[in-house]
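Student: So the chains spell out like this:
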Amino acid sequence: MSTRSFRPEELEPKRGVALNRREFFEMAGAGLLIVATAPASEAQRGAGAGAGTLDTRLHIGEDGFITILNGKIEEGQGALTELAMAAAEELRAPLDRICMVMGDTDRTPNDGGTAGSGTTPRSVPQVRRVAAAARALLLTAAGRQLGADAAGLEVRNGAVQFAGKTFGYADLARSPELAAAYKNVLPEGTALTAVKDWQILGKPQVRLDARGLVTGAHRFPSDIVRPGMLYGRVLRPPSYGATLDSVDLAAAKKMPGVKAVRDGSFVGCAAPTAFAARKAMEAISATAQWKTVEQPSSDTLFDYLKQHASQQGRPQAQGRGSVEKGLAEARRRLKATYRVAYAQHAPMEPRAAVAEWQDGRLTVWTGTSNPGSVRQTLAEVCSVPAERVRVVVPHFGGGFGGKHTGEAALEAARLAKETGHPVAVQWTRAEEFTWAYFRPAALIEVEAGLDADNSISAWDFTNYNSGSSAIDPPYRIPNTRVRFMPSSSPLRTGSYRVLAATANNFAREAFTDELAEAAGKDPLEFRLSHLDNDRIRNVLKAATEKFGWLERRKKRRSGTGIGLACGTEKNSVVAACCEVEVDPRTGAPRVIEFVQAFECGAILNPANLRSQVEGAIMMGLGPALREEILFKDGRLTNGDFASYAVPRFRDLPKLDVVLLDRKDLEPAGAGETPIIAIAPAIANAVFDSTGQRMRAMPIHAPRG
Amino acid sequence: MASIRFTVNGKTSDVETEAERPLLEVLREDLGLTGTKYGCGEGQCGACTVLLDGRPVLSCITPAHEAQGHHIVTIEGLARNGALHPVQQAFLDEGAVQCGYCTPGMVLRTVALLTAHPRPTDAQIVEGLNGNLCRCADYRRIQAAVRRTAESTGKRD
Numbered sequence: 001m002s003t004r005s006f007r008p009e010e011l012e013p014k015r016g017v018a019l020n021r022r023e024f025f026e027m028a029g030a031g032l033l034i035v036a037t038a039p040a041s042e043a044q045r046g047a048g049a050g051a052g053t054l055d056t057r058l059h060i061g062e063d064g065f066i067t068i069l070n071g072k073i074e075e076g077q078g079a080l081t082e083l084a085m086a087a088a089e090e091l092r093a094p095l096d097r098i099c100m101v102m103g104d105t106d107r108t109p110n111d112g113g114t115a116g117s118g119t120t121p122r123s124v125p126q127v128r129r130v131a132a133a134a135r136a137l138l139l140t141a142a143g144r145q146l147g148a149d150a151a152g153l154e155v156r157n158g159a160v161q162f163a164g165k166t167f168g169y170a171d172l173a174r175s176p177e178l179a180a181a182y183k184n185v186l187p188e189g190t191a192l193t194a195v196k197d198w199q200i201l202g203k204p205q206v207r208l209d210a211r212g213l214v215t216g217a218h219r220f221p222s223d224i225v226r227p228g229m230l231y232g233r234v235l236r237p238p239s240y241g242a243t244l245d246s247v248d249l250a251a252a253k254k255m256p257g258v259k260a261v262r263d264g265s266f267v268g269c270a271a272p273t274a275f276a277a278r279k280a281m282e283a284i285s286a287t288a289q290w291k292t293v294e295q296p297s298s299d300t301l302f303d304y305l306k307q308h309a310s311q312q313g314r315p316q317a318q319g320r321g322s323v324e325k326g327l328a329e330a331r332r333r334l335k336a337t338y339r340v341a342y343a344q345h346a347p348m349e350p351r352a353a354v355a356e357w358q359d360g361r362l363t364v365w366t367g368t369s370n371p372g373s374v375r376q377t378l379a380e381v382c383s384v385p386a387e388r389v390r391v392v393v394p395h396f397g398g399g400f401g402g403k404h405t406g407e408a409a410l411e412a413a414r415l416a417k418e419t420g421h422p423v424a425v426q427w428t429r430a431e432e433f434t435w436a437y438f439r440p441a442a443l444i445e446v447e448a449g450l451d452a453d454n455s456i457s458a459w460d461f462t463n464y465n466s467g468s469s470a471i472d473p474p475y476r477i478p479n480t481r482v483r484f485m486p487s488s489s490p491l492r493t494g495s496y497r498v499l500a501a502t503a504n505n506f507a508r509e510a511f512t513d514e515l516a517e518a519a520g521k522d523p524l525e526f527r528l529s530h531l532d533n534d535r536i537r538n539v540l541k542a543a544t545e546k547f548g549w550l551e552r553r554k555k556r557r558s559g560t561g562i563g564l565a566c567g568t569e570k571n572s573v574v575a576a577c578c579e580v581e582v583d584p585r586t587g588a589p590r591v592i593e594f595v596q597a598f599e600c601g602a603i604l605n606p607a608n609l610r611s612q613v614e615g616a617i618m619m620g621l622g623p624a625l626r627e628e629i630l631f632k633d634g635r636l637t638n639g640d641f642a643s644y645a646v647p648r649f650r651d652l653p654k655l656d657v658v659l660l661d662r663k664d665l666e667p668a669g670a671g672e673t674p675i676i677a678i679a680p681a682i683a684n685a686v687f688d689s690t691g692q693r694m695r696a697m698p699i700h701a702p703r704g
Numbered sequence: 705m706a707s708i709r710f711t712v713n714g715k716t717s718d719v720e721t722e723a724e725r726p727l728l729e730v731l732r733e734d735l736g737l738t739g740t741k742y743g744c745g746e747g748q749c750g751a752c753t754v755l756l757d758g759r760p761v762l763s764c765i766t767p768a769h770e771a772q773g774h775h776i777v778t779i780e781g782l783a784r785n786g787a788l789h790p791v792q793q794a795f796l797d798e799g800a801v802q803c804g805y806c807t808p809g810m811v812l813r814t815v816a817l818l819t820a821h822p823r824p825t826d827a828q829i830v831e832g833l834n835g836n837l838c839r840c841a842d843y844r845r846i847q848a849a850v851r852r853t854a855e856s857t858g859k860r861d
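These protein sequences, in sequence, are chains A and B. Residue 156 in our numbering sits at position 156 of the first sequence; the count goes up by one each step and never skips. Residue 743 in our numbering sits at position 39 of the second sequence; the count goes up by one each step and never skips.
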């Protein structure tokens with residue numbers, strides 16, 4: 001099955017003519033336009049300050065194709081397919097009649113960033129409401145046209161059948177009496193199809209956009225080519241914090257076809273080939289004089305983070321009871337410190353953009369999760385009104401939270417403006433490692449007390465620098481204090497799949513095993529005795545049963561260890577069990593088997609959910625086992641794939657994923673939470689194997 | 705500048721270019737074959753894999769002049785008359801695609817693997833594809849797609 005999705009040129013605004021969305025539809029044909037007014041809160045959340053409400057979201061063409069317009073983006077997580085399924089379900093139309101237009105600031109509403117597992121819980125219901133309203137209109141129109149009572153009709157396979165006659169979406173689009181529907185405002189609270197009646201949602205569906213990916217036909221942002229386009233490069237400082245003293249562009253400017261520009265600290269060049277641009281940049285770089293400043297190094301990172309705590313931003317604290325009293329009264333107290341290294345997302349496609357100026361209007365094709373805010377930034381930096389800036393986000397090559405910004409877009413726009421040509425900028429892998437942002441390193445201190453019944457009576461947990469996601473323990477503990485202390489990060493940091501939940505879950509779940517041992521309890525039994533959350537209990541049960549936890553705790557295999565962990569974030573729950581083997585010579589753990597149970601409410605697309613969970617496990621093995629950004633004197637010392645060892649095929653363990661389908665719960669996103677239980681499960685398994693507690697990510701046992 | 709002649713996906717190509725320029729950039733910029741991807745430029749990720757006389761090579765670290773007189777196959781050259789190559793079909797059927805940026809390299813590496821080992825063991829799949837990175841980390845499904853191809857093409861023998 002393939003879904004036709006509009007190619008950019010199909011609906012491209014005419015040269016130099018700015019079209020607003022209404023004009024776009026008029027140009028696109030006499031189809032049906034449904035205007036949806038979203039609740040104010042949703043509009044505000046989606047749109048950012050000052051932007052209006054969401055409006056145009058669905059279009060029915062005379063060819064019977066139904067176009068869904070959505071401001072979210074596709075970066076490999078499966079949003080396009082999921083939203084198309086949601087539309088097809090409510091339209092009662094075949095999936096191959098749905099066209100998706102996503103992430104294009106001229107054509108789609110501003111739905112805010114694609115982040116925080118938000119597309120499933122917020123955009124899916126929104127698309128379903130719009131589609132359900134379109135189906136209601138089809139029924140009404142069919143009733144009038146076919147002379148039947150609409151209440152007795154139903155839509156099947158995209159059409160209404162009555163008395164031997166058929167009335168489908170193509171007929172609806174052509175219906176002159178429905179011209180008025182162009183101005184219809186969607187009613188609030190449109191009834192959605194009950195989960196038990198789903199025909200398309202809930203069933204496994206291969207990516208609708210997969211064919212263009214396996215044939216190489218899809219144009220990623222780095223594949224966009226425009227007439228007269230040049231390839232651009234930007235001068236980078238030799239180290240963090242370095243400032244440009246002087247630079248000489250003369251040699252580069254003499255090279256054939258090369259344009260070199262300087263605007264303050266921004267120095268770049270563009271040339272007819274990437275090779276020529278590289279040579280020109282080498283010539284420029286050779287002349288650059290820099291002022292460097294002293295920078296912290298990774299070998300003193302955690303002291304640095306503690307020393308600089310709360311110099312940036314206010315600490316956040318929450319809790320219940322009295323942690324001081326709880327600790328004072330505890331029968332036994334334990335304390336530990338955990339360290340989590342900086343990690344880089346390293347998506348396969350480094351940052352890339354093509355920028356083109358035409359008649360004072362700027363169009364940028366780029367890979368970002370935030371087309372709306374990138375548009376705003378482009379407008380500000382280029383001093384043009386935002387209405388004259390269009391950001392188009394083709395399906396791009398991975399982000400994992402690492403492409404919330406638009407650096408390449410900005411660089412391409414500046415070079416395009418200065419050179420008078422469309423310019424493509426694709427970061428090198430070294431640039432992506434060095435100048436993209438990192439997942440923040442974390443220093444976590446935790447102290448807890450056990451009471452006379454060996455229950456946790458007090459919990460004092462402080463995260464320095466990395467964040468407060470999932471910082472609250474899911475366990476029943478009468479006295480808690482959890483704190484996040486911002487620090488002055490030596491490296492630029494930002495979002496990464498599920499933010500600090502990975503670090504906080506690592507420390508909490510590894511420490512929980514220490515408490516279980518002190519209490520003389522099995523890690524599973526100890527957790528269950530503190531857990532009221534049935535959803536976590538269920539995934540723990542599912543994972544441990546699949547793994548055979550109880551039997552394998554009794555029958556130990558020599559040379560290996562087993563561990564488990566659980567957690568919750570973004571309204572989904574996860575539990576993992578694994579078996580590891582530690583290389584006695586190097587101390588490096590290898591994961592032999594990994595079992596994970598995950599539950600995120602009613603499952604929308606089981607095939608995609610499984611690949612998200614499996615992918616999260618495999619990606620999570622990286623920072624759990626090896627990935628650690630190292631830096632000295634303001635430079636990375638392992639900023640390439642040769643030395644920063646992301647997971648490869650050889651790391652693939654025996655992998656089992658158990659998906660629990662809670663049809664009674666609203667669907668929650670699944671791109672993030674499945675990564676949070678990996679590192680602690682491994683740390684606990686390494687302890688089981690070696691008797692050594694693992695308190696740092698990446699996890700490494702002492703060398704033998 | 706050098707004059708380089710080679711065939712790409714069965715068609716003869718003449719390019720006038722710097723001999724040391726990476727083959728990857730000649731394919732993408734001069735010949736418009738953007739299915740071959742830049743991933744690292746250091747020969748570590750396999751996204752730029754193409755077949756040179758049937759052998760997988762990393763086009764990001766292969767100077768253009770090394771293609772002189774040879775036959776190159778890129779991802780665009782696999783499907784025939786709209787019919788997907790069995791490896792492409794298997795990737796599609798297994799859903800072994802997330803962001804898809806590594807997919808062309810993975811598919812071509814698999815074609816080469818299956819030429820050398822029509823019925824590869826799991827260990828041969830792991831070793832054969834270990835040089836290709838997938839950051840969506842869909843390795844289990846890619847492995848399943850390789851197995852599926854081996855089974856489907858095996859049946860036709």
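Because the hints were derived from the structure by calculation, they are not lab data. Hints may contain errors.
[Stated by the list, open to error] Just the calculated beta-carbon pair ranges, DEER-fashion: (1) B:GLU855 <-> A:ASN157: 31 to 41 Å; (2) B:SER856 <-> A:SER488: 27 to 37 Å; (3) B:SER856 <-> A:ARG476: 47 to 57 Å; (4) B:GLN828 <-> A:LYS521: 39 to 49 Å.
By construction, the Cβ of each residue, glycine as well, lies at the ideal position given by its N, Cα and C atoms.
Student: Hint by hint, work out which the structure violates, then give me just those numbers in ascending order.
Tutor: 2
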